[in-house]
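J.: Listed below, chain by chain, are the residues.
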Amino acid sequence: MEPIYYIDLLGTMVFAISGAMAAMRHNIDIFGAAFTGFVTAIGGGSLRDIFLNLRPVWVDDGNYLLAILAGVLASVLLKRQLDKLARTLTLFDALGIGFFTIVGVQKSLAFDSSSAAAVVLGLFSAVMGGVTRDTLLNETPLIFRKEIYATACLSGAILFVVLNRFGVDYNLNAFLSASVVVIIRIIAVKYRLALPIVGG
Amino acid sequence: MEPIYYIDLLGTMVFAISGAMAAMRHNIDIFGAAFTGFVTAIGGGSLRDIFLNLRPVWVDDGNYLLAILAGVLASVLLKRQLDKLARTLTLFDALGIGFFTIVGVQKSLAFDSSSAAAVVLGLFSAVMGGVTRDTLLNETPLIFRKEIYATACLSGAILFVVLNRFGVDYNLNAFLSASVVVIIRIIAVKYRLALPIVGG
Amino acid sequence: MEPIYYIDLLGTMVFAISGAMAAMRHNIDIFGAAFTGFVTAIGGGSLRDIFLNLRPVWVDDGNYLLAILAGVLASVLLKRQLDKLARTLTLFDALGIGFFTIVGVQKSLAFDSSSAAAVVLGLFSAVMGGVTRDTLLNETPLIFRKEIYATACLSGAILFVVLNRFGVDYNLNAFLSASVVVIIRIIAVKYRLALPIVGG
Numbered sequence: 001m002e003p004i005y006y007i008d009l010l011g012t013m014v015f016a017i018s019g020a021m022a023a024m025r026h027n028i029d030i031f032g033a034a035f036t037g038f039v040t041a042i043g044g045g046s047l048r049d050i051f052l053n054l055r056p057v058w059v060d061d062g063n064y065l066l067a068i069l070a071g072v073l074a075s076v077l078l079k080r081q082l083d084k085l086a087r088t089l090t091l092f093d094a095l096g097i098g099f100f101t102i103v104g105v106q107k108s109l110a111f112d113s114s115s116a117a118a119v120v121l122g123l124f125s126a127v128m129g130g131v132t133r134d135t136l137l138n139e140t141p142l143i144f145r146k147e148i149y150a151t152a153c154l155s156g157a158i159l160f161v162v163l164n165r166f167g168v169d170y171n172l173n174a175f176l177s178a179s180v181v182v183i184i185r186i187i188a189v190k191y192r193l194a195l196p197i198v199g200g
Numbered sequence: 001m002e003p004i005y006y007i008d009l010l011g012t013m014v015f016a017i018s019g020a021m022a023a024m025r026h027n028i029d030i031f032g033a034a035f036t037g038f039v040t041a042i043g044g045g046s047l048r049d050i051f052l053n054l055r056p057v058w059v060d061d062g063n064y065l066l067a068i069l070a071g072v073l074a075s076v077l078l079k080r081q082l083d084k085l086a087r088t089l090t091l092f093d094a095l096g097i098g099f100f101t102i103v104g105v106q107k108s109l110a111f112d113s114s115s116a117a118a119v120v121l122g123l124f125s126a127v128m129g130g131v132t133r134d135t136l137l138n139e140t141p142l143i144f145r146k147e148i149y150a151t152a153c154l155s156g157a158i159l160f161v162v163l164n165r166f167g168v169d170y171n172l173n174a175f176l177s178a179s180v181v182v183i184i185r186i187i188a189v190k191y192r193l194a195l196p197i198v199g200g
Numbered sequence: 001m002e003p004i005y006y007i008d009l010l011g012t013m014v015f016a017i018s019g020a021m022a023a024m025r026h027n028i029d030i031f032g033a034a035f036t037g038f039v040t041a042i043g044g045g046s047l048r049d050i051f052l053n054l055r056p057v058w059v060d061d062g063n064y065l066l067a068i069l070a071g072v073l074a075s076v077l078l079k080r081q082l083d084k085l086a087r088t089l090t091l092f093d094a095l096g097i098g099f100f101t102i103v104g105v106q107k108s109l110a111f112d113s114s115s116a117a118a119v120v121l122g123l124f125s126a127v128m129g130g131v132t133r134d135t136l137l138n139e140t141p142l143i144f145r146k147e148i149y150a151t152a153c154l155s156g157a158i159l160f161v162v163l164n165r166f167g168v169d170y171n172l173n174a175f176l177s178a179s180v181v182v183i184i185r186i187i188a189v190k191y192r193l194a195l196p197i198v199g200g
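Protein sequence lines correspond, in order, to chains B, P and Z.
With full-length UniProt numbering, letter number 124 in the first sequence gets 124, and the count goes up by one each step, no holes.
With full-length UniProt numbering, letter number 171 in the second sequence gets 171, and the count goes up by one each step, no holes.
With full-length UniProt numbering, letter number 130 in the third sequence gets 130, and the count goes up by one each step, no holes.
Some hints could be false.
Put simply, identical chains are the same to the list, so a pair is met inside one copy or across any two.
Stated by the list, open to error - Below, computed lysine to aspartate or glutamate pairings styled on DMTMM-like, alpha-carbon distance capped at 20 Å: (1) K190 - D83; (2) K107 - D169; (3) K79 - D60; (4) K107 - D60; (5) K107 - D61; (6) K107 - D8; (7) K190 - D8; (8) K79 - D169; (9) K84 - E139; (10) K107 - D83.
Simulated from the structure, these hints should not be mistaken for lab results.
Start from the sequences and build out the full structure, keeping to the hints where you can.
T.: Structure (structure tokens):
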């Protein structure tokens, strides 16, 4: 439990940085950057918890808000350095969505959702913070425009549910499924892979 | 109960089709189409259930997600045929909002909301999926632009609450009130009726 | 309790007016104006209650919906007069966010949130109705563009939590903290004070 808790806090901070930096690119004031960092960090997990009829973790545990505050402050103070780190941030983001997907699936199953709903809620945990960020900033959500992103989360979520059905050890399963998310995402960014567009 | 359940699944599928097809008009990838179909289908009912402090049905019952998957696949595979069916889809959509309005009112009353809140929640059940779809796609929500739409739902919802107060049989009431929604909506589309605009 | 209840209803009505008037500037029909007034009025408090895993007050108490209806009708019927009252409305809005912030913090603490979360939820109570209004109308949220707004709420919310820790009498604390919100906000409007922009 302990290491997962700290990884969860780290993931929250990474998402807060991603939200604050996106807001700063819109010439938004400091509060707006903090606000956007906050909703990006808590959006996905809160939506999952609300669908499960639970209180989001940050309402009861102040450490999540501290992690977000740290992420926002880092974004404001280290803006130039972080811009240069864009590639590293892509890696962090990939780790973040990998971890958040699996935590989301696992928590949903633990609170008796159907397997199919657990997959959806795992995906939501990982991507809905970013969707809220983009909607607030009045942009077409990134998951609609970018190289394979949500599909990576979906693959890992489905793998976790399937291996869980076959009785695979939880820690091994979490490690394997999160890795699948991270690897698909990194390969997609490196080779600019995208899903086919069906409109026109 | 049984027929209502299947009509509810059918309505869910119709809304998934409406969401997926709207996304495809925006040159969005297959995942984006599926995602938009999903939020369109579950948005209204989920919001109603969250306001009632309940878990949305699709979290526990996998059939709703199957209905959505079927709707999205149909949209992608039968895109051309469905485009030609636009008029039929308007009819389906009218049936969908009629049914979702009344189910929403009835569920809200069953979980002890006030009558006025039941009207609002019935309306939300019918239209908030579409509002979320349009917000995601970065458009002014359709309910703000279109011929009488939400007003049709509102009329049916109010009628249901009033007849319910007078002790009218539930099945008769549901049939009458849903019919009012469908008929107002179809007349509005046919004659391009719109509410007066108050701005300027 | 009684006076607070009526102030809460009054604040709800003021927010409904603000939402309906914003919608009317977008050439939206009467229903759209009512809808926007409604979500502006209930958005912040409902989000707070959902995060606290409670049912929003308007679901059980029809008076809130009556207050919103009155606000929307006033907006439509008295549009010209209200446009002239813009300065007075800024004062009303400042009183509204002052009151909603403190009610939000107090309710969150009463339902056992952490102090940091109570500050966030107090802020949300005051500003998220407006954020939803702007997102629906497809605008960049006002809190991202305007003279110090959310920062005023944040200051009052933090003051309330601090004074509460020091055991200051609840009524005195509520009065002081709400006044801080109102005064900061009015000074910011008068002198067009804004936070520094960090992007570029």
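J.: Pop the pair K107 and D8 into one bin, within, between, both or neither, using alpha-carbon distances up to 20 Å.
T.: within (13 Å within a copy, 28 Å between copies)
J.: Tell me, please, which holds for K190 and D8 at an alpha-carbon limit of 20 Å: within, between, both or neither?
T.: neither (26 Å within a copy, 43 Å between copies)
J.: Can you give me the call for K79 and D169, within, between, both or neither, at a CA distance of at most 20 Å?
T.: neither (41 Å within a copy, 43 Å between copies)
J.: When Cα atoms must be at most 20 Å apart, do K107 and D61 count as within-copy, between-copy, both, or neither?
T.: both (17 Å within a copy, 17 Å between copies)
J.: My question is about K84 and E139: at a cut-off of 20 Å on alpha-carbon distance, are they close within one copy, between copies, both, or neither?
T.: Intra 23 Å, inter 31 Å, cutoff 20 Å: neither.
J.: Should K190 paired with D83 be assigned to within, between, both, or neither, using CA atoms and 20 Å as the limit?
T.: Intra 19 Å, inter 36 Å, cutoff 20 Å: intra-copy only.
J.: Can you tell me if K107 and D60 fall within 20 Å by alpha carbon in one copy, between copies, both or neither?
T.: Both ways: K107 and D60 sit 17 Å apart in one copy and 14 Å across, limit 20 Å.
J.: If the cut is 20 Å between Cα atoms, do K107 and D169 qualify within a copy, between copies, both or neither?
T.: within (16 Å within a copy, 41 Å between copies)
J.: Check K79 against D60 for me: Cα-Cα at most 20 Å, and say if that holds within a copy, between copies, both or neither.
T.: Classified as neither; 30 Å inside a copy, 44 Å across copies.
J.: Using 20 Å as the alpha-carbon threshold, which applies to K107 and D83: within, between, both, or neither?
T.: Classified as neither: same-chain Cα gap 34 Å, cross-chain 40 Å, threshold 20 Å.
Against the hints set out earlier in the document, violations occur for numbers 3, 7, 8, 9, 10.
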